[in-house]
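*Asks:* The primary structure of each chain is shown beneath.
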Amino acid sequence: MNLIGFENYLWLGSALFCIGLLGVLVRRNVIILLMCIELMLNASNLLLVVFAKMFGNMNGHIFVFFSMLVAAAEVSVGLALIVLIYRKFRTIDSSFLDKLKG
Amino acid sequence: MDLTNIAFIAFSAITLICALMVVLARNPIYSVIFLILTMFSLTGHYVLLHAQFIAIINIIVYAGAIMVLFLFVLMLMNMNANNEPNKSFLWKVLAGLVTSGMLMSILLVYIKNMGDMPIVPTTNSAVGQALPADFGYIKPLGNLLFTEYVFPFEIASILFIAAMVGAVFLGSREKSTNNQ
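Line by line, the protein sequences are chains A and B.
Numbering-wise, the first sequence is residues 1 to 102 according to our numbering.
Numbering-wise, the second sequence is residues 1 to 180 according to our numbering.
Hints were generated in silico from the structure; no laboratory data involved.
Keep in mind it's a predicted model, so treat the numbers as computed, not measured.
Virtual Cβ for every residue (Gly too), placed ideally from N, Cα, C.
It cannot be assumed that every hint is accurate.
As the list claims (entries may be wrong) - In silico lysine to any residue, SDA-like type, Cα no more than 25 Å apart, as pairs:
| no. | chain 1 | residue 1 | chain 2 | residue 2 |
| --- | --- | --- | --- | --- |
| 1 | B | K92 | A | L33 |
| 2 | B | K139 | A | A71 |
| 3 | B | K139 | B | I59 |
Unchecked claim - Partial selection, computed: residues in chain A whose CB lies under 10 Å from chain B:
| no. | residue |
| --- | --- |
| 4 | N8 |
| 5 | S14 |
| 6 | L21 |
| 7 | V24 |
| 8 | C36 |
| 9 | A73 |
Stated by the list, open to error - Covered, in the sense of this in silico footprint (three residues per stretch, anywhere, with C-beta under 8 Å from a C-beta of chain B), are these stretches of chain A:
| no. | region |
| --- | --- |
| 10 | 48-61 |
| 11 | 65-71 |
| 12 | 84-98 |
Could you build all of it, start to finish, from the sequences and the hints given here?
*Replies:* Structural data, given as structure tokens:
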């Protein structure tokens, strides 16, 4: 019996993605929201690596590489924005940040 | 029971439990710590999946750089654990229903197609041919990155410059307005 069949990895990736989605829906702290987005990105990264091995093709690794680059850029700009928001409003609760609604 | 199976089960358990703790922990610092643990267990998965280079840059970029950014920002804000109000109970139930329904529908599709999914030894790919000996090493990855994907690679550098300029601009704007 070999447990590292690919479907187990698909289960793991889906579960990880759903946990990240749950965090985005439930939490209010904007930093936690960013971390949950990181969880979802990592779930997709894991699945890309799994599919790369499944088809014996290394293009999936390249896409994981690019997704990590984009995640790094996103986190740096997002955290700068969060620091600015905290300085201005003294809160990072997403339910209070509704100025754009007008 | 194979050693890789034990490693897979252990890494999966650590990944899922730590990911849940990221969502459930009250203190944001604990969330970051559990996210780092999740990254490390995912790195273990990458090693199991013959993606050595991805495993290394996962540690360096995620656990090394991004998590340090998160920790720094959290320390700058000096937040208490209990200043986050709860969302309404109805909203939580709704979110739980949505995510668990989504997960269950995905799992149902997998279970339905379980017989078709190949379960193969770790050295082979699903399509039957053996993996090349240098699968996941830096050299073939670099070859691929600098021949076939050289244009997205250069575009990524522009993205990084834009992100860096944006972060520096956003971080320094407050000080310049104070000086005026």
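*Asks:* Each of the hints needs a verdict: does it hold here or not?
*Replies:* Hints and how they fare:
no.	hint	verdict
1	B:K92 x A:L33	holds, 15 Å
2	B:K139 x A:A71	holds, 24 Å
3	B:K139 x B:I59	holds, 19 Å
4	N8	holds, 7 Å
5	S14	holds, 5 Å
6	L21	holds, 5 Å
7	V24	holds, 9 Å
8	C36	holds, 7 Å
9	A73	holds, 4 Å
10	48-61	holds (count 10)
11	65-71	holds (count 6)
12	84-98	holds (count 6)
Checked against the numbered hints above, the structure violates none of them.
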